[in-house]
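Engineer: Each protein sequence line maps, in turn, to chains P and U. The numbering of the first sequence is the working numbering, which starts it at 1 and goes up by one. The numbering of the second sequence is the working numbering, which starts it at 116 and goes up by one.
Calculated from the structure, these hints are not laboratory results. Where a beta carbon is used, it is the ideal one built from N, C-alpha and C, also for glycine. Please note: incorrect hints may appear among the correct ones.
Here are the computed distance ranges between Cβ atoms for each label pair [as the list claims (entries may be wrong)]:
no., chain 1, residue 1, chain 2, residue 2, range
1, U, Ser-123, P, Lys-49, 20 to 28 Å
2, U, Asp-136, P, Pro-45, 30 to 38 Å
3, P, Gly-86, U, Gln-159, 30 to 38 Å
4, U, Asn-208, P, Arg-55, 18 to 26 Å
Which bits of chain U does chain P cover? Going by a derived footprint, with three or more residues having C-beta under 8 Å, they are [claimed, not checked]:
no., region
5, 132-146
6, 180-191
7, 195-202
There are 2 protein chains.
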Amino acid sequence: MARAPTTSDVFNAIAEPQRRDILTLLRAGERPATAVADELGMTQPGASKHLRVLREVGLVKDRREGKQRFYALDARGLQSVHEWAGGFEQFWNESFDRLDAYVQQLAQEDRSTIS
Amino acid sequence: MARAPTTSDVFNAIAEPQRRDILTLLRAGERPATAVADELGMTQPGASKHLRVLREVGLVKDRREGKQRFYALDARGLQSVHEWAGGFEQFWNESFDRLDAYVQQLAQEDRSTIS
DNA sequence: GCATCATATGCCTATATGAGAAAGTGTTGC
DNA sequence: GCAACACTTTCTCATATAGGCATATGATGC
Chain P
1 MARAPTTSDV FNAIAEPQRR DILTLLRAGE RPATAVADEL GMTQPGASKH
51 LRVLREVGLV KDRREGKQRF YALDARGLQS VHEWAGGFEQ FWNESFDRLD
101 AYVQQLAQED RSTIS
Chain U
116 MARAPTTSDV FNAIAEPQRR DILTLLRAGE RPATAVADEL GMTQPGASKH
166 LRVLREVGLV KDRREGKQRF YALDARGLQS VHEWAGGFEQ FWNESFDRLD
216 AYVQQLAQED RSTIS
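Sequences and hints are given; from them, build the entire structure.
Structural biologist: Encoded structure:
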């Protein structure tokens, strides 16, 4: 089977670099779709498709105003990502160098006990 | 073009639910590959492939011991994910309900100014 | 209604998996 | 050397995009 559909999962939605770029851009404020495409150097259909994915996972909200459609950040979905990654905080604080040193020290002690 | 190769990007690596499960499992300590497969109900080759992806993006380290190969968490790569998502913190704290209310209030004021 | 602007969709192609099955590699112990 | 064990790699299949292009849809103004 292929990867799960991107439209159902925030983690998949942010796996695409251009979509992360869109989210970052939208921190500066809402924009019509064309502005997103222009500012990020994407084609209009391309931006539209990425925006759709982001909309479907709830990371952006859209507001229609006349012919335009303004997209705004709705970062609440990123909170779960932040929390998930945060659950590993104690592990990245453990220096693997120190761990290695510790393991080697244990081995050293073993050897001296035996000899 | 298709999606960027999963092997080059932490965001892609964690887009797959089973790989997130592996990372979570490894918080409880290093394990041989077979144990990962067993504990998560995956096939052994399946676990091996996911572990390879995680290894290639640096999220796990492996240590050979006899016939076995122990995999251990190396969560440092998740720090960048945590920080990226954390950059949106001020935005998910803004309640969109309050925003809506604020926008409506502005509209109200506009109307009263005009009338 | 019609032309125009702003977006969204449909279609097609090349690519990237994820899963399952089978075969290959490396290590241990007899 | 050989059998057994623990993994990894290879192959094939089905599916899911991302891009590019052309077209359709929606709203506005005349």
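Engineer: Taking the hints in turn, state whether each one holds.
Structural biologist: Against the structure, the hints come out as follows:
Checked against the given bound of 20 to 28 Å, the beta carbons of Ser-123 of chain U and Lys-49 of chain P, roughly 22 Å apart, stay inside it. About 35 Å separates the C-beta atoms of Asp-136 of chain U and Pro-45 of chain P, a value consistent with the hinted range of 30 to 38 Å. A C-beta distance of roughly 31 Å is found between Gly-86 of chain P and Gln-159 of chain U, which places it inside the suggested range of 30 to 38 Å. Hint check: Asn-208 of chain U to Arg-55 of chain P, Cβ distance near 21 Å, so the stated range 18 to 26 Å holds.
Figure legend: the region 132-146 of chain U, annotated as covered by chain P; annotation consistent (5 residues with Cβ-Cβ distances under 8 Å, at least 3 required). With 4 residues carrying a beta carbon less than 8 Å from a beta carbon of chain P, the region 180-191 of chain U meets the three-residue requirement, and the given coverage holds. Here the region 195-202 of chain U counts 6 residues with a CB under 8 Å from a CB of chain P, which clears the bar of 3, and the coverage holds.
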